[in-house]
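Asks: Residue strings, one per chain:
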Amino acid sequence: MRFRPRSGYLSPVKTARIARDWLASWRQRDNPVIRVLAIGQSNMACIVHATELMQQESRFPPGLRFTFVQMREEKYNPYFPDANNRDRLNPAVEEDVKAQLAESDLVVSYLGGNAHSVMGLLNHTRPYDFTFATADPLDRNREMVPRNLVRSSLRDSMAEHLKMFSALRGLIDKPMIHCESPPPIPSDQHIRDHPGVFANRIETKGIAPASFRLKLWKLQSEIYREFCAANNIEFLPIPEETADAEGLLRSEAWGTDPTHGNIWYGEQSINRLARHLSTSNR
Amino acid sequence: MAQHPYEDAPAYAFWRRSVADMPLHEVDPVIRAEFAISKTDRVATAGSCFAQNISRYLQQQGFNFYVAEKAHPIVSRQLAHQYNYGTFSARYGNIYTARQLVQLLKRADDEFRPEEDIWETEDGRFIDPFRPQIQPDGFSTRTEYSADRATHLAKVRGLIEQLDVLVFTLGLTECWRSRADGAVFPLCPGVAGGTFDPARHEFINFGVDEIAGDLLESIDWIRKRNTKAKIILTVSPVPLIATAENRHVLVSTAYSKSVLRVAAEMVSTARPAVAYFPSYEIVAGSFNKGRYFANDLRSVTEEGVSHVMRLFLKHYMGATDIASVTIAPGPEHQRVSNTETAEMAALVELNCDEEALDRPTIAQR
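Protein chains in written order, with the numbering used here: chain A, 33 to 314; chain B, 998 to 1362.
No lab work stands behind these hints: they were computed from the structure. Ideal Cβ placement from N, Cα and C applies to all residues, glycine included. A couple of the hints might just be wrong.
[Stated by the list, open to error] Covered stretches of chain A (in silico footprint by chain B; criterion: 3 or more residues with CB under 8 Å from a CB of chain B, positions within the stretch not fixed): (1) 147-157; (2) 173-187.
[To be verified] Listed next, the in silico EDC-like pairs over lysine to aspartate or glutamate satisfying Cα-Cα at most 20 Å (straight line): (3) B:K1152 to A:E175; (4) A:K250 to A:D188; (5) B:K1067 to A:D188; (6) B:K1067 to B:E1158; (7) B:K1067 to A:E175; (8) B:K1286 to B:E1300; (9) B:K1152 to A:D171; (10) A:K250 to A:D276.
[To be verified] Here are a few chain A residues that sit away from chain B, every Cβ distance over 12 Å (derived from the structure): (11) V65; (12) A77; (13) T99; (14) R104; (15) E105; (16) E127; (17) H193; (18) L194; (19) S219; (20) A231; (21) N232; (22) A242; (23) H308; (24) S310.
Using the sequences and the hints, build the whole thing.
Replies: Structure follows, in structure tokens:
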């Protein structure tokens, strides 16, 4: 049975139902192992490492098998290299993804997820704030920028990435799930201790308040949810156990830079996917 | 020796010599500027949608179009434009009437707090009644709305204190106001937000004395805070899209434009450093045989706008290198076909929220 992607907007509920129905029929086959083609960028690194560790320690979910396509590999960049056809995806991506698809039942995306950090990890020269939800207070010492304007600006900054994501989706004739990226790390100290590429700027600009960064991350997730709904992709939220009461990343999940999750986070994420696939089959 | 007063009159005083016999693009009713504007002078704009053209040309020609309320740097130029940053010097949207201007100034100084100052939509968004289309999708929360309005009014205060020249384009005499406190709305409640209620809202068509009075009050208010401010008044040549008077829209248009023109004359002679610039005459004048209006007989073509702005830049700003403002004459048939697309593109860029009046829901009323 082949999964046929559909064009046009489908609600997240409908998208989930289609994927569930497909998985239910697939489960009736003899071999119950789901072959997952994972495609991602930096947020996939913790998944790769967690997979290795879990397999070594025989904790990897028995019903899953992962193959990874790391989109940051040099051969895949730039994503649209043809100056005469800016919509043509890099042939190396097309070739490798198509080849892997033949051996896959499901595609899981760990693409993107850091646009919120680019825009708001550090304080802006003109510090700003916005309301994400009705009850959100505004920092009166910061310039207020209307929510939809921040959202549209964030969406603009993701345009090239979403174009690539969309082009990839066009190649894939299998069910697809996008995993939400990890929320921000609340600790200024942790970020200062592991500044990564932001080292020089952290000193001059300072780290933006965690509550502000969380709002940007939520906006980003909102954009992904919308994108997924429009592209027949199921959106899978982060594992609940990885977030604190505020919705920020729990310390157990902090990676060794200001924005990424660690192996523990990767493990929770894999287990979250396995649980989701198993409940989808009910 | 002159036998009568007309014998020594200059050529521009004669219709044949200055209008009928002149090539279209050389008709110049400005004659002289009341004052000069330097490249460094901060020129602010406000008024009806036609005033947006002035902002656009000042920017294009490298003059100091003063924008006090700028979009945050995270916002792209295109997005800022969609959200009406830089359309005028502050994000007040179209100011169609002189009463709207004077009330804006008073609101900026907290001298006037309209009772009806927020509209909530059915889907929980918030609209500013005094700039109902400033935010394409409304404000997300009441908090956001209040914060944005406070920022806006503070920027208006700053603008008034810092500007060197204000170009104000008078657009309409008709408007709707609150019965409670006389607050005037740029658009009738119910058109782009709010709910129209005859018990709370009433129509008013301002007369010449009221408009002149509002303009004088505005100018005096500005000069109290900025003694050096110079003012240029213009009248929008754009006809009314609809009239609330029970009469033909053509008649209402003639009335409104006549009143605005007279009020501008009264005010420009009543105060020093207040000039009248004849953009209305350039666009609506019969010498161009209607050519400066697009097919809807209402929108001003780019050719018409460029004629206005060429003269504005020439007389007030001493611009000599204004080639880009000049439309090169060409064969008639070629001009029409070649400019249409460009004109339409420019026209749709203008944000005339009056257009909302002509939507079917209003026509069905």
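Asks: Hint by hint, where does the structure go against what was stated? Just the numbers, ascending.
Replies: none
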